[in-house]
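K.L.:
In order, the protein sequence lines correspond to chains A and B. Just so you know, the first sequence maps onto residues 1 to 177 in full-length UniProt numbering. Just so you know, the second sequence maps onto residues 1 to 122 in full-length UniProt numbering.
Just so you know, the hints here were simulated from the structure itself, not pulled from any lab data. None of the hints are false.
Within a straight-line C-alpha distance of at most 25 Å, the following computed DSS-like cross-link-like pairs (lysine-lysine) qualify: (1) K2/A - K93/B; (2) K2/A - K99/B; (3) K64/B - K150/A; (4) K30/B - K110/B; (5) K13/B - K30/B; (6) K176/A - K2/A.
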Amino acid sequence: MKELSLHILDLVENSIQAGATQIDIKIDETHLHTHIKITVTDNGKGIDPAMLAVISDPFVTSRTTRRVGLGIALFKAASERCEGIFSIQSRQGNGTTVTATFAIDHLDRAPLGDLGATMTTLIAGYPDIGIRYHHILFQDSFTMNTAELKSGLDTVELNDPAILSRIKEMINDFCKQ
Amino acid sequence: MAKISVEDLKRIKEKTSQESSLRGGETTVKVTVHMGTCGIAAGARSVMNTLLEEKAESNRTDIKIVAAGCLGMCSSEPNITVEIVGQEPIVYKKMDPNKTRQVFRRHILKGEVQTDFALGKG
Ligand code: FES
Numbered sequence: 001m002k003e004l005s006l007h008i009l010d011l012v013e014n015s016i017q018a019g020a021t022q023i024d025i026k027i028d029e030t031h032l033h034t035h036i037k038i039t040v041t042d043n044g045k046g047i048d049p050a051m052l053a054v055i056s057d058p059f060v061t062s063r064t065t066r067r068v069g070l071g072i073a074l075f076k077a078a079s080e081r082c083e084g085i086f087s088i089q090s091r092q093g094n095g096t097t098v099t100a101t102f103a104i105d106h107l108d109r110a111p112l113g114d115l116g117a118t119m120t121t122l123i124a125g126y127p128d129i130g131i132r133y134h135h136i137l138f139q140d141s142f143t144m145n146t147a148e149l150k151s152g153l154d155t156v157e158l159n160d161p162a163i164l165s166r167i168k169e170m171i172n173d174f175c176k177q
Numbered sequence: 001m002a003k004i005s006v007e008d009l010k011r012i013k014e015k016t017s018q019e020s021s022l023r024g025g026e027t028t029v030k031v032t033v034h035m036g037t038c039g040i041a042a043g044a045r046s047v048m049n050t051l052l053e054e055k056a057e058s059n060r061t062d063i064k065i066v067a068a069g070c071l072g073m074c075s076s077e078p079n080i081t082v083e084i085v086g087q088e089p090i091v092y093k094k095m096d097p098n099k100t101r102q103v104f105r106r107h108i109l110k111g112e113v114q115t116d117f118a119l120g121k122g
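Model the full assembly from the supplied sequences, consistent with the hints where possible.
P.N.:
Quick look at the structure:
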């Protein structure tokens, strides 16, 4: 993946395949003052212990395991390649949390990339999923909660083109600072 | 702390809702972007964003664009499936923003299936 924002999209896709209805995405660019920390938490059905033990191994390629395993293995590799730490926690029936850190200055670190495109893809593509996005920069932070926006706007979907492009613009403006 | 706020989006919605209340209606076209790991790595997100832009430009509220899991055909990703009411679904392979624009304008808006990119019916 060329961008960390694409890894995020892929992690959320896994969560949705696991039946999640609520997903929390947290990006902290101030972790230890040296790292970016990305956390994706879902309320899906969780991963069973046997699968959890091998899920971050890219060589687990049986057809059924691969669909969830591959992206997680790539995310782990991307983190470890730049002095990061990866972890995954999951309890069956209770959801899954995937966390990885990335040394900001490491040569091999992929850029965060187009987070606005990742968020609009998720909002438009999965209108029934609740997404909370929280992004921390050194002086500032940014939040979005789709459930709150939907109830405030009195609509079940946010996929009006004008609304989507506004969301994308606001997220990317924030990221550019 | 910055925030995407309801108030901000409300203003945008008010501006656009007068136009769209005239249109309304049912979904007659559904486009699915397949978002497996390979699809995402191969560019499914830019395909999705191109579709959203094209839809915005077309002013068609009866076109629905959604995401879904992968089709299991890594080598032909990114894939999209176009379903028009009353017609057989068409799966397109190896999409990029340009091909996506062509499929949107020719197949979705004019009904001409773009057989060059089609993987098959299904
Ligand atoms: S992950 Fe879907 S085809 Fe490879």
